[in-house]
Amino acid sequence: MMVERGCSPDVFSYSTLINGFCKNKRIDEAMNLFNEMSNKGVTPNVVTYNTLIGGFCRVERHKAAFELFHKMQACGQPPNPKTYAVLLGGLCKNGQVVEAIKVFLEMEDKTLGNNIVIYNIFIDGLCKVGNLKVARELFYSLPAKGLQPDVRTYTIMLKGLCKEGLLEEASEIFEKMDGSGCSPNDCTYNTIIQGLLQHNETSKAIKYLEIMVGKGFSANATVASMFFDLLSSNQVDKNIQEFLQKPV
Numbered sequence: 001m002m003v004e005r006g007c008s009p010d011v012f013s014y015s016t017l018i019n020g021f022c023k024n025k026r027i028d029e030a031m032n033l034f035n036e037m038s039n040k041g042v043t044p045n046v047v048t049y050n051t052l053i054g055g056f057c058r059v060e061r062h063k064a065a066f067e068l069f070h071k072m073q074a075c076g077q078p079p080n081p082k083t084y085a086v087l088l089g090g091l092c093k094n095g096q097v098v099e100a101i102k103v104f105l106e107m108e109d110k111t112l113g114n115n116i117v118i119y120n121i122f123i124d125g126l127c128k129v130g131n132l133k134v135a136r137e138l139f140y141s142l143p144a145k146g147l148q149p150d151v152r153t154y155t156i157m158l159k160g161l162c163k164e165g166l167l168e169e170a171s172e173i174f175e176k177m178d179g180s181g182c183s184p185n186d187c188t189y190n191t192i193i194q195g196l197l198q199h200n201e202t203s204k205a206i207k208y209l210e211i212m213v214g215k216g217f218s219a220n221a222t223v224a225s226m227f228f229d230l231l232s233s234n235q236v237d238k239n240i241q242e243f244l245q246k247p248v
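Using the UniProt record's numbering, you'd call the opening residue of the sequence shown number 1 and step up by one each time.
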């Protein structure tokens with residue numbers, strides 16, 4: 001339509017259209033536009049590449065995403081932190097941990113690794129595929145890198161530790177949060193409580209539930225359901241109900 005009106009699409013116009021196709025998982029049509037750009041002499045920018053890499057990851061075509069990542073650099077377009085965040089998330093989600101680690105190390109070599117959001121994505125991806133060893137190493141190395149874990153970082157790490165049954169370490173990290181200048185939020189509390197309940201640490205879970213409610217938070221649907229299951233089998237005191245019914 002723009003061409004029909006005598007207007008030549010620029011990189012912004014193309015990137016906007018490509019983003020629309022990618023959001024709707026119409027990646028082949030997005031690539032057609034990308035190729036059209038090159039044919040018409042419109043140079044893709046980092047936003048264009050990031051959008052397409054994210055689009056390929058969204059439809060689980062991670063090899064194509066990785067190839068585009070290399071192509072953008074070969075074409076003289078350096079990746080930015082967003083590029084790495086998108087690609088790392090996609091690779092980890094697909095279980096390609098070795099490739100993800102390579103990309104991550106490349107990012108650090110280029111001194112782009114000063115973004116806690118990227119670390120959160122990578123640590124989360126590692127935990128989800130069961131690579132807790134590397135996830136822990138990254139988590140504990142953050143202060144030395146000049147990065148302060150945020151509430152999202154802590155919550156991700158707690159979930160990973162609880163998943164592997166490392167409740168003592170999870171509890172230690174949780175207890176140190178306030179002292180580190182990062183207060184737990186409702187998601188953090190629900191994460192640690194759920195982990196404790198899954199491993200039958202009921203007393204500790206109740207303790208954290210009471211603290212959480214006292215801070216104005218409430219149990220999410222999963223945690224509430226787990227407590228009600230315990231109530232129905234008389235494994236916890238019925239007074240616990242008042243903590244499950246208080247609004248945020």
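Just so you know, these hints were derived from the structure itself, not from any lab.
A virtual CB, placed ideally from N, CA and C, is assigned to each residue, including glycine.
Wrong hints could be hidden among the right ones.
List time: in silico DSBU-like cross-link candidates among lysine-lysine, alpha-carbon distance up to 30 Å [said to hold, decoys possible]:
no., residue 1, residue 2
1, K40, K102
2, K93, K63
3, K128, K102
4, K93, K71
5, K110, K128
6, K145, K110
7, K159, K176
8, K176, K23
9, K110, K93
10, K163, K93
11, K128, K204
12, K93, K40
13, K145, K163
14, K23, K159
15, K93, K82
16, K145, K159
17, K102, K159
18, K82, K63
19, K207, K176
20, K207, K128
21, K25, K176
22, K128, K159
23, K215, K176
24, K93, K145
25, K238, K215
26, K204, K238
27, K145, K23
28, K204, K176
Distance ranges between label pairs, derived from CB positions [claimed, not checked]:
no., residue 1, residue 2, range
29, N39, K63, 18 to 26 Å
30, E36, K215, 29 to 37 Å
31, S183, K128, 22 to 30 Å
Okay, the hints, checked on the actual structure:
For the given pair, K40 sits about 34 Å from K102 by alpha-carbon distance, which is inconsistent with the 30 Å threshold. Pair hint K93 plus K63 holds up; C-alpha atoms about 13 Å apart against a cutoff of 30 Å. At roughly 18 Å between alpha-carbon atoms, K128 and K102 fall within 30 Å of each other, so this suggested pair holds. For the suggested pair K93 and K71, the alpha carbons sit about 22 Å apart, so the restraint of at most 30 Å is met.
Taking the CA atoms of K110 and K128, the gap is about 26 Å. The hint holds against a cut of 30 Å. For the given pair, K145 sits about 14 Å from K110 by alpha-carbon distance, which is consistent with the 30 Å threshold. Proposed proximity of K159 and K176 is supported: the alpha carbons are some 16 Å apart, at most 30 Å. Between K176 and K23 the alpha-carbon distance is near 40 Å, which puts this suggested pair outside the 30 Å criterion.
With a C-alpha separation of about 24 Å, the suggested pairing of K110 with K93 holds against the 30 Å cut-off. At most 30 Å may separate the alpha-carbon atoms for a hinted pair to count; K163 and K93 meet this at roughly 17 Å. A hinted pair counts as satisfied when its Cα atoms are at most 30 Å apart, and K128 with K204 qualifies at roughly 25 Å. For the hint pairing K93 with K40, the CA-to-CA distance comes to about 35 Å; that exceeds 30 Å, so the pair is violated.
For the given pair, K145 sits about 26 Å from K163 by alpha-carbon distance, which is consistent with the 30 Å threshold. The hinted pair formed by K23 and K159 meets the criterion: a straight-line CA distance of about 29 Å does not exceed 30 Å. For the suggested pair K93 and K82, the alpha carbons sit about 17 Å apart, so the restraint of at most 30 Å is met. The straight-line distance between the Cα atoms of K145 and K159 is roughly 23 Å, inside the 30 Å bound, and the hint therefore holds.
Of the pairs offered as hints, the one joining K102 and K159 holds, with about 24 Å between alpha carbons and a cut-off of 30 Å not exceeded. This hinted pair checks out: K82 and K63 have alpha carbons roughly 18 Å apart, not beyond 30 Å. The straight-line distance between the Cα atoms of K207 and K176 is roughly 16 Å, inside the 30 Å bound, and the hint therefore holds. A C-alpha spacing of about 27 Å is found between K207 and K128, which places the hinted pair at or below 30 Å, so the restraint holds.
Distance restraint check for K25 and K176: the Cα-Cα separation of roughly 42 Å exceeds the 30 Å cut-off, and the hinted pair is therefore not satisfied. With a CA separation close to 9 Å, the supplied pair K128 and K159 stays within the 30 Å bound. With a CA separation close to 17 Å, the supplied pair K215 and K176 stays within the 30 Å bound. Distance restraint check for K93 and K145: the Cα-Cα separation of roughly 25 Å lies within the 30 Å cut-off, and the hinted pair is therefore satisfied.
The suggested pairing of K238 with K215 holds, with an alpha-carbon distance near 21 Å, which does not exceed 30 Å. Distance hint between K204 and K238 is fulfilled; the C-alpha atoms sit about 16 Å from each other, no more than 30 Å. Simply put, K145 and K23 have alpha-carbon atoms about 34 Å apart, too far for the 30 Å limit, and the pair is violated. For the given pair, K204 sits about 16 Å from K176 by alpha-carbon distance, which is consistent with the 30 Å threshold.
With their beta carbons about 24 Å apart, N39 and K63 fall inside the hinted range of 18 to 26 Å. Our hint of 29 to 37 Å for E36 and K215 is violated, since their Cβ atoms are close to 54 Å apart. Hint check: S183 to K128, Cβ distance near 25 Å, so the stated range 22 to 30 Å holds.
The structure fails to meet hints 1, 8, 12, 21, 27 and 30 from the earlier list, while all remaining hints are met.
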